[in-house]
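These protein sequences, in sequence, are chains Z and Y. With the numbering used here, letter number 233 in the first sequence gets 233, and the count goes up by one each step, no holes. With the numbering used here, letter number 131 in the second sequence gets 131, and the count goes up by one each step, no holes.
Simulated from the structure, these hints should not be mistaken for laboratory data. It should be emphasised that the depicted structure is a prediction, and the values quoted were computed from it without experimental measurement. For glycine and all other residues, C-beta sits at the position ideal for the given N, C-alpha and C. Since no wrong hints were added, every one of them can be taken at face value.
To list a few chain Y residues with every Cβ distance to chain Z over 10 Å, as calculated: (1) 11; (2) 12; (3) 59; (4) 67; (5) 101; (6) 111; (7) 172; (8) 183; (9) 283; (10) 287.
Think about it this way: if two alpha-carbon atoms lie no more than 25 Å apart in a straight line, the pair counts; the simulated BS3-like pairs of lysine-lysine are: (11) Z/279 to Y/262; (12) Z/308 to Y/277; (13) Y/308 to Z/308; (14) Y/277 to Z/255; (15) Z/13 to Z/32; (16) Z/279 to Y/255; (17) Z/277 to Y/262; (18) Y/308 to Z/279; (19) Y/279 to Z/279; (20) Y/279 to Z/262; (21) Y/32 to Z/308; (22) Y/277 to Z/279; (23) Y/308 to Y/279; (24) Y/255 to Z/277; (25) Y/30 to Z/308; (26) Z/308 to Y/262; (27) Z/262 to Y/308; (28) Y/308 to Z/32; (29) Z/262 to Y/262; (30) Y/277 to Z/262; (31) Y/277 to Z/277; (32) Z/277 to Y/279; (33) Y/279 to Z/308; (34) Y/308 to Z/277; (35) Z/30 to Y/308.
Number of protein chains: 2
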Amino acid sequence: METWLTQIKEGNKRQIARLISRMENGDPEKEKWLDALYPHTGNAQLIGVTGSPGAGKSTLIAALIRLLRHMGKTVGVLAVDPTSPFTGGAILGDRVRMTEHALDEGVFIRSMGSRGGWGGLAQATSEAVRVLDAAGYDVILIETVGVGQAEWDIMHLADTVTLVLNPTAGDVVQVFKAGIMEIADLFVINKADLPGVSRLKQEIQDLLALSKHDAPWHPPIIETLATEEKGLEDWWEAAERHYAHLRGHGLLVQKRRARIEKEVSDLVFSAWRERFKAKQQAPRFRRDIQDALDQRISPHEVARRWLKEELRIETQFQADPVDD
Amino acid sequence: METWLTQIKEGNKRQIARLISRMENGDPEKEKWLDALYPHTGNAQLIGVTGSPGAGKSTLIAALIRLLRHMGKTVGVLAVDPTSPFTGGAILGDRVRMTEHALDEGVFIRSMGSRGGWGGLAQATSEAVRVLDAAGYDVILIETVGVGQAEWDIMHLADTVTLVLNPTAGDVVQVFKAGIMEIADLFVINKADLPGVSRLKQEIQDLLALSKHDAPWHPPIIETLATEEKGLEDWWEAAERHYAHLRGHGLLVQKRRARIEKEVSDLVFSAWRERFKAKQQAPRFRRDIQDALDQRISPHEVARRWLKEELRIETQFQADPVDD
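Sequences are here, hints too, so could you generate the full structure?
In structure tokens, the structure reads:
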């Protein structure tokens, strides 16, 4: 086995950090490394943690790390901020709260930002998960802020998704609207000493009745007070119960299959898109675009021509000359 | 000319609304309609309005509509809410404030929500813009909430993008991080009677110095108080000045060309993705996925096989068997 791979498998934190960075930066060796890592993955339990900014996710995660370390488990954390294409996630102030674990050999924490645009963030996170998985971390926590396409894709990397809410926030309907409710396996009501807990619980239950979940799993609702380390055991117990449920019903392998399918189709797509971009420089394509700009043909007609002639894809609709 | 097209060109609001709905719902005739509309488009001035929820965008837009109507211009409004895949944008409460214009024949207002997932929203908005453009509206206002991939795509449909901020919100850095700063052509500081206006102006100017803009355009910063209809003329004057700048420097045609290129490549891509989805059902592909699930080959190896054999795309990296 190559030296770098041995070092990763031994949990060498410097090597792990370097490998993730080099992959993030699109190193040409990347695929080779991912191929080599792949047989050593599949052992970590992947927990997603999402919720609004200010819900207390980082405090919760810091407290959960303490609990897991106490139980003898090693923990990797990927804190993903899809809104920071410029900063690479570096200014995530909440990271500071986790620094107490920075010197612990059994904990690896990393921020991920969308340097290369939103689309690539889920892919980069998936690659980082694979590195941490091969490095032997028992539990990998994936944290995202807010709701949106990127967060949704990222949460699909996890086996168990925890949605963190606050009794006073009143954001449940927003969360429901954004489809996050459907991917949440557990609900954590953090800051459960504030008024409104029972109302929020009722709201969650009402909305859960409207959304699809893999029966017979009923997402539990857990109350925590992260700042006082209350409720963490309940959260972890629920996560373990969900993981056992996934394994017991053959759902874990189903999730993994779906994840592989999505990864393959994203990889194929992005390679294809690169090729199409190159073709767009061809004189023939420039002419078609110019014709569309001059309103002689429609953009749809240009697309149909390209699908037919270059990709041999016939679309249902047959082209007519545009009428005036 | 077909009857429906005549009706659209006459500005028949019922026909306009029906056509947009039918296109949103993916009517099979859609491409034919878009082809027929296309030669009649290109006359509207497209103004994007973005900013955080609560910044006062809807009140500003309602006031701008009043000003434009006073000037004899007709106005179309598309209020786009990318966070509402479930509701189809129907619960956008702010729309209520615009109902005063509902009976005005020279004003058309429409909410757009992401029924079909985030990806399709920019495409649906672009189609609705085309309908309103062909219907002869002089100005089309496109409003989005918040920041993210979807909003970014939608704002690229506009000729002039206005970013609305508030002196007290403190969200400039967020906005900068999300890349919205780069696409803003004008800044409107609404609620300019609140303290902090000069600090915010300074912040915007400092951040503008860090971001790319088409020289020699310097995005102006306008102060408004939408609830008292103050500053609207300044906003409109700045929008007109930006539009003249685009025309004068050949930038309008550049923007339109880029928009057409993006539209064509999105159309080609989504047709291609449909085809790839169908191929994924093939036994050969199912076997490859199973091999990846069993960790005999990596997902990257599956992707390389498919790129090579099905799409005849050779990737740089040559496949090795995974080492263990």
